[in-house]
Amino acid sequence: MSKKQAKHMSKKLSRRSVLKGAAATGGLAVGAGVIGAPTIWAQNIKDITINHTGMSYSTIIEIARQASEDLGFKVEMSVTDHTGLINRMTNEPTALDVADSEIWQTKAYVPQGVTQAVDISRIDMWDKITPIYTEGKFAGKEVSREGDAPFEIMYRESKDATSFHDGPTDWATFMPGVYNADTLGIRPDLIGRPIESWAELFNPEFAGKAAIQNIPTIGIMDAIMAMEAAGFQTYGDRGNPTREEIGATIDKLIELKRAGHWRALWNSFDESVNLMAAGEVVIQSMWSPAVTAVRSQGKNVEYVHLKEGLRGWGNGLALMSHLDGLKLDAAYEYLNWYLSGWMGGFIAKQGYYISVPETAQSFLSDNEWGFFYGGREASDVITSPTGEVTNQAGEMRDGGSYEDRFAQVAVWNNLMDEADFLFSKWNEFNSA
Amino acid sequence: MKSRNLIPYLQAAPLAIVLFLFLAAPLALVLVVSVFRNKLFVGLVPAFTFENYFSILTNAVNYQLYLSTLKFTVIVLAVTMVLGFWIAYFLVFHVRSLLIAIGLFLVCTVPFWTSNIIRMISWKPLLGREGLVNTALINSGVIDQPILWLLFSDFTVVLSYVHLFTLFMIVPIFNSMARIDKSLVEAAVDAGASRWKVIWNVIVPLCKTGIGLGSVFVVTLVMSDFFVVAVMSGGLSGSVSSGVFFDLGILNYPRAAANSIVLLAIVVLIAAGILRVVDVRKELTG
Numbered sequence: 001m002s003k004k005q006a007k008h009m010s011k012k013l014s015r016r017s018v019l020k021g022a023a024a025t026g027g028l029a030v031g032a033g034v035i036g037a038p039t040i041w042a043q044n045i046k047d048i049t050i051n052h053t054g055m056s057y058s059t060i061i062e063i064a065r066q067a068s069e070d071l072g073f074k075v076e077m078s079v080t081d082h083t084g085l086i087n088r089m090t091n092e093p094t095a096l097d098v099a100d101s102e103i104w105q106t107k108a109y110v111p112q113g114v115t116q117a118v119d120i121s122r123i124d125m126w127d128k129i130t131p132i133y134t135e136g137k138f139a140g141k142e143v144s145r146e147g148d149a150p151f152e153i154m155y156r157e158s159k160d161a162t163s164f165h166d167g168p169t170d171w172a173t174f175m176p177g178v179y180n181a182d183t184l185g186i187r188p189d190l191i192g193r194p195i196e197s198w199a200e201l202f203n204p205e206f207a208g209k210a211a212i213q214n215i216p217t218i219g220i221m222d223a224i225m226a227m228e229a230a231g232f233q234t235y236g237d238r239g240n241p242t243r244e245e246i247g248a249t250i251d252k253l254i255e256l257k258r259a260g261h262w263r264a265l266w267n268s269f270d271e272s273v274n275l276m277a278a279g280e281v282v283i284q285s286m287w288s289p290a291v292t293a294v295r296s297q298g299k300n301v302e303y304v305h306l307k308e309g310l311r312g313w314g315n316g317l318a319l320m321s322h323l324d325g326l327k328l329d330a331a332y333e334y335l336n337w338y339l340s341g342w343m344g345g346f347i348a349k350q351g352y353y354i355s356v357p358e359t360a361q362s363f364l365s366d367n368e369w370g371f372f373y374g375g376r377e378a379s380d381v382i383t384s385p386t387g388e389v390t391n392q393a394g395e396m397r398d399g400g401s402y403e404d405r406f407a408q409v410a411v412w413n414n415l416m417d418e419a420d421f422l423f424s425k426w427n428e429f430n431s432a
Numbered sequence: 001m002k003s004r005n006l007i008p009y010l011q012a013a014p015l016a017i018v019l020f021l022f023l024a025a026p027l028a029l030v031l032v033v034s035v036f037r038n039k040l041f042v043g044l045v046p047a048f049t050f051e052n053y054f055s056i057l058t059n060a061v062n063y064q065l066y067l068s069t070l071k072f073t074v075i076v077l078a079v080t081m082v083l084g085f086w087i088a089y090f091l092v093f094h095v096r097s098l099l100i101a102i103g104l105f106l107v108c109t110v111p112f113w114t115s116n117i118i119r120m121i122s123w124k125p126l127l128g129r130e131g132l133v134n135t136a137l138i139n140s141g142v143i144d145q146p147i148l149w150l151l152f153s154d155f156t157v158v159l160s161y162v163h164l165f166t167l168f169m170i171v172p173i174f175n176s177m178a179r180i181d182k183s184l185v186e187a188a189v190d191a192g193a194s195r196w197k198v199i200w201n202v203i204v205p206l207c208k209t210g211i212g213l214g215s216v217f218v219v220t221l222v223m224s225d226f227f228v229v230a231v232m233s234g235g236l237s238g239s240v241s242s243g244v245f246f247d248l249g250i251l252n253y254p255r256a257a258a259n260s261i262v263l264l265a266i267v268v269l270i271a272a273g274i275l276r277v278v279d280v281r282k283e284l285t286g
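Chains as they are written, first to last, in our numbering: chain A, 1 to 432; chain B, 1 to 286.
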């Protein structure tokens, strides 16, 4: 199927465009004295605004712009941080319509009853969604269950259920969105040798030039990977460590801090970009779009492939409880649009994957598809979502193909049982 | 007769209502939640328990955090007080034209035309490993390794606080200094006082209210901050409020609320202490 055909196909698939067509026909028909129901619907829906709230790495204004154009009603974006999202969802649930949350955050908000489960029959491409989310499998194999694997939180018993259901039902906790597998970022020009293990994050060679992220739930996972790789600690379940394990891990972080190992702890993704681009650090926790951002500033950053595996994470779009009637219809239209291809193509350029990869392909050139999903050498320059060059022809994406990366997810971002303890212990790390 | 008695109450009512709605009521709510219990993955459980306070007061980390926050407060207070006093002194007693004095005073507010964040972030290209200062020092041969404590250290935090908060000291001191009757200074000089004696025995005592008010501003701003510390120390220093922030991230409202109440009590104690030393009423009515 050619790209053009595919594009046409995916457009055809969107019910919205069908309705738009119907509205146009309906408009003509008005002149003829016949008023079709879809016309009324299409006119009412124009006044609807869907608010999408999420974190900066996936809540991007270009997405809202494109969605509004394609859908005929307004989609707006509100950017916040992890803490902000969870608090807004709980305290002002009507202030947003669609929450773009991380997998582990569902464990905090689902019990609060602020979201309604997604009716799977209304998501056109549900059966095309990656089985990482829907079945807990990838490429025929079980995905790691250490940490909050997406499958574990994927389903609920009913629309209003406030707990998760073990195994598939007709109601999804959220609609799977973007996801990726993270690793360490390094400056190869300043290090000058290959980096192959998480243990390097603790290597005294990089004293004063290393950084770790200051978001406890995620930073601890990077630390656990490094602890185990360096042989300082073994874990029963890296995705749900005991108090003793958390304590030992953070004590090590403190010891390193006192020895001047950490140049900084970063709080937001742009801080990590600045640390790397300014040469303050040469090895650190990093997120994929930060790598793209540093590269587009002309600095060489490698998102290294480490032998112990990757730290997986994922997002989904949750529907807030207050949505009903026409507004709920519009929200479902938006969710279906999200999977229809444009979004997948756009987000691929910052290194993320979309839950329905095949529609994204028609919005990517062969070069881009081969580079981001296929793990092949770029045949031409690769650009960021905003058009800056990030990779030259001949370069390869770190970590290999889509299949290779997800076969190597070792742990998932999570909200562990001992989260309360983790947070007070992490505070000790901050104040040490 | 009766209605006349009501008038002062009516006059005070708007402010009282605002204070009740936006200060007393939310505070009462925080107080209530602080004795609730939090169950992870479930949420708030109404209860009457002091375990949140207990866990805060028995955790050695919190004492460290208070100590570190107090250390910043004392240093910043001392620096802004000295700076604020002399800048105000210069504006009031050395600039002869009132117009120029007001003009210069406005210049002091120029940094406030941009946002807090920009004023903080703009230090980074200046002080970083490859920043302007280090590059200049290395190129001129003064040092051969970059000075790392310029950025992401206690020094940077204090520098930003001083940059951000000195104005809050200048304004009240300027205000009380501008009211000093110049003939008092003349009288002191005629009586044989030296310049320093005039400052110490006449001007400083008359500025006490301004210094006191400025101190309250600076203390409350520094004690409640977590953002400047997090950004400028590169996350290497904590603050009392950062604990509250972390707890909010997992919806542990009871512990966050208890921590806020403890912090509030301490800030109120300090502010009360300052106001005991200086009589602010004099400032407002005098």
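Because the hints were derived from the structure by calculation, they are not lab data. The C-beta atom is built at its ideal place from N, Cα and C for all residues, glycine as well. Check before you lean on any hint, since a few could be wrong.
[What the hints assert, rightly or not] Some chain A residues well away from chain B (every beta-carbon gap over 12 Å; in silico):
(1) P111
(2) I120
(3) Y155
[To be verified] Taking lysine-lysine pairs in the DSSO-like style, the calculated list, with each CA pair at most 27 Å apart, reads:
(4) K327/A / K257/A
(5) K159/A / K39/B
(6) K327/A / K137/A
(7) K252/A / K46/A
(8) K327/A / K307/A
(9) K257/A / K71/B
(10) K197/B / K299/A
(11) K252/A / K71/B
(12) K39/B / K257/A
(13) K349/A / K307/A
(14) K182/B / K197/B
(15) K349/A / K128/A
(16) K71/B / K124/B
(17) K349/A / K74/A
(18) K128/A / K159/A
| Satisfaction of hint between K197/B and K182/B, Cα-Cα up to 27 Å | 15 Å, holds
| query | Would you say I120/A is clear of chain B, with no C-beta pair closer than or equal to 12 Å? | reply | For I120/A, whose nearest Cβ neighbour in chain B is about 24 Å away, the distance exceeds 12 Å, so it holds.
| query | If you draw a straight line from the CA of K197/B to the CA of K299/A, is it 27 Å or shorter? | reply | 60 Å, violated
| query | Should the label of P111/A as a non-interface residue stand, given a Cβ cut-off of 12 Å to chain B? | reply | 6 Å, violated
| Given the hinted pair K327/A and K307/A, is their alpha-carbon gap at most 27 Å? | 47 Å, violated
| task | Below or equal to 27 Å on CA atoms is what counts here, so check K257/A against K71/B. | result | 20 Å, holds
| request: Would you check the hint for K252/A and K71/B, treating anything up to 27 Å between C-alpha atoms as holding? | output: With a Cα-Cα distance of about 26 Å, the restraint between K252/A and K71/B holds, given a limit of 27 Å.
| task | Given the hint that K71/B pairs with K124/B, test it: the Cα-Cα distance must not exceed 27 Å. | result | Holds, at roughly 23 Å.
| message | What's the verdict on K349/A and K307/A, does the C-alpha distance respect the 27 Å limit or exceed it? | response | 25 Å, holds
| field | Restraint check for K128/A with K159/A, where alpha carbons must lie at most 27 Å apart | value | 22 Å, holds
| said: Need the status of pair K327/A, K257/A: alpha-carbon distance at most 27 Å? | reply: 50 Å, violated
| query | Within 27 Å, alpha carbon to alpha carbon, are K327/A and K137/A? | reply | Between K327/A and K137/A the Cα gap is close to 34 Å, so the pair fails against 27 Å, i.e. violated.
Comparing the model with each earlier hint shows violations of hints 1, 4, 6, 7, 8, 10, 12; every other hint is respected.
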